[in-house]
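Asks: This is what each chain is made of:
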Amino acid sequence: MSQRPLELILARNLMSALSTPAFLVDEGGLLVFYNEAAGILLGKRFEELGTVGPQEWGAMFGPFDESGEPIPYDELPLVQAVRNGRPAHAEFTVRSADGHSHAVEASAFPILTAHGSQGAIAVFWPSQANSNGAKPA
Amino acid sequence: MKVKLWGTRGSIPSPGPETIRYGGNTSCVGVTLSDGSLLALDAGTGIRSLGLAHGEEPARLHILLTHLHLDHIQGLVFFAPAFRPQTEIVIWGPASPEASLRDRIARYISAPLSPVEVRELPCDVSFRHCPETEWEIGPARIRAASVAHRGPTLGYRIDDGDSSLAYIPDHEPALGADLERLDEEWISGFALARDASLLIHDGQYADAEYPEHVGWGHSALSHSLAFARRTGAERTVLFHHDPCHTDDFLDGLDAEAREAWVAGGGDPAAIELGAEHAEYELPAQRSTPAATV
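So the protein sequences, as listed, match chains V and Z.
Per the working numbering, the first sequence starts with residue 1, numbered consecutively.
Per the working numbering, the second sequence starts with residue 1001, numbered consecutively.
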């Protein structure tokens, strides 16, 4: 198993200390970590899930647009950030392991280093349009 | 490969009667490769003694800088080979988006901090950013990787034959991380130190001191031991001693380190605190452990 870039290691360490749900993808757009707060949102800890591919992730958690249609993985802010090297923002719904849906806003920014893009971080916030929290799916 | 510690202290030189045995010079390690090539790891004040010890030789040498904090470059303007026209010196170090390695070092080797400028050094000196990929110096394969410290900082691994040296003198891998639980790929510096014949690693703080220094870029004793254990280094030398630590204090820390190492199932001879002028010979065959000369 190869060593992760230091910037990703430090990002993970920082995210581990945050109480805001946060997600980390590598330079290929693969989800490699999410923190405890994100685990609470999703109803599943990262340690239980591990690194998963886009299709498996989508089947479990979505996300979904306002009409309930799955949003392609490539269109997620995290993936946009890592591929375009620009911050990205979106609103969507994620489905937690217990079947509840959560409307969230996601802000993602790329991790740019002297060696190029190493990945991206996304932070989730309850959607202002639906700040009452969870609702049944 | 032969390794000699010329400066084991961190932060600032700390000469005096209370630091005679472990030494007061700042970070510098001399490495003699199997073909006789000489490398200097960092250029703290210890490099002055290294330069004097080698007389008119060698004609060419490499200095590998982990980073540019003063305790790792302060000896450069007192390094005798730098003042010989017949000497070629290649200085390797971390890249930075801010300025070239040469320009960053020139902030120290220039007025008013220095009586000479880089361009005035009589030797043939060149500056190179460490590549992302492994490269060769003489018979050795060199690898550099960014590690957790303040500012752009590298650790090094030097493989020569079957022996390997990992040098990570300024390192806080436990910052926001649990070294006992994390997967290897998520531990700063892990790939550099994995199964090294000899690991020279940051050991600046006692555990009781660390809470006051979280985020300063250095390790507590228990962090250093956990890192050494996880990486499987055959022998570990703790390095970059805090300038306030006297010989007596370091003796106590050394005993504590060995005790903890044994409690974890390790060989007490495989862990020690680095002392100035200590020498190690790394065997060509991995079946023989690193020996103190």
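Don't read these hints as lab results, they were simulated from the structure.
Small disclaimer: the values here were computed from a predicted structure and weren't measured.
Every residue gets a Cβ at the ideal spot worked out from N, C-alpha and C, and that includes glycine.
Hints may contain errors.
Said to hold, decoys possible - A few chain Z residues that don't get close to chain V, going by computed Cβ distances all over 10 Å: (1) F1083; (2) A1095; (3) P1097; (4) R1119; (5) E1132; (6) V1147; (7) P1152; (8) L1175; (9) A1177; (10) E1184; (11) F1190; (12) A1191; (13) C1244.
To be verified - Pairwise CB distance ranges (calculated): (14) E1185(Z) x H89(V): 37 to 43 Å; (15) E1279(Z) x S2(V): 31 to 37 Å; (16) R86(V) x A1053(Z): 51 to 57 Å; (17) G85(V) x A1053(Z): 22 to 28 Å; (18) P54(V) x G1161(Z): 41 to 47 Å.
To be verified - Cut-off 20 Å, straight-line C-alpha distance, at most; resulting in silico cross-link-like pairs (SDA-like, lysine to any residue): (19) K1004(Z) x G1138(Z); (20) K1004(Z) x P1211(Z); (21) K44(V) x P1243(Z); (22) K44(V) x R1060(Z); (23) K44(V) x R1181(Z); (24) K1002(Z) x R1084(Z); (25) K44(V) x W125(V).
Asks: Would you mind marking each hint as holding or not holding in the structure?
Replies: Hints and how they fare:
1. F1083: Non-interface label stands for F1083(Z): nearest chain V Cβ at 32 Å, farther than 10 Å.
2. A1095: Per Cβ check, A1095(Z) is inside 10 Å of chain V; nearest 5 Å; violated.
3. P1097: Answer for P1097(Z): violated, closest chain V Cβ roughly 6 Å.
4. R1119: Fine: 26 Å to the nearest Cβ keeps R1119(Z) off the interface.
5. E1132: Non-interface label on E1132(Z) violated, nearest chain V Cβ at 6 Å vs cutoff 10 Å.
6. V1147: violated (6 Å)
7. P1152: violated (8 Å)
8. L1175: violated (6 Å)
9. A1177: Its Cβ does come within 10 Å of chain V, the nearest being 5 Å, so this is violated.
10. E1184: violated (6 Å)
11. F1190: With a cut-off of 10 Å, F1190(Z) comes too close to chain V, as the shortest Cβ separation is near 6 Å.
12. A1191: violated (4 Å)
13. C1244: Given that every Cβ of chain V is farther than 10 Å from that of C1244(Z), nearest at about 28 Å, it holds.
14. E1185(Z) x H89(V): 37 to 43 Å: Since the Cβ atoms of E1185(Z) and H89(V) sit about 30 Å apart, the hinted range of 37 to 43 Å is violated.
15. E1279(Z) x S2(V): 31 to 37 Å: holds (34 Å)
16. R86(V) x A1053(Z): 51 to 57 Å: 54 Å Cβ-Cβ, so the 51 to 57 Å window holds.
17. G85(V) x A1053(Z): 22 to 28 Å: violated (49 Å)
18. P54(V) x G1161(Z): 41 to 47 Å: Once the Cβ atoms are compared, 44 Å apart, the range 41 to 47 Å for G1161(Z) and P54(V) holds.
19. K1004(Z) x G1138(Z): Holds, at about 19 Å.
20. K1004(Z) x P1211(Z): Distance of about 32 Å is beyond 20 Å: violated.
21. K44(V) x P1243(Z): Answer violated: K44(V) to P1243(Z) is near 47 Å, above 20 Å.
22. K44(V) x R1060(Z): With Cα atoms ~58 Å apart, K44(V) and R1060(Z) exceed 20 Å; violated.
23. K44(V) x R1181(Z): Distance ~19 Å between K44(V) and R1181(Z) Cα, so the pair holds.
24. K1002(Z) x R1084(Z): violated (25 Å)
25. K44(V) x W125(V): With Cα atoms ~18 Å apart, K44(V) and W125(V) stay inside 20 Å; holds.
Of the hints listed earlier, those the structure fails to meet are numbers 2, 3, 5, 6, 7, 8, 9, 10, 11, 12, 14, 17, 20, 21, 22, 24, in rising order.
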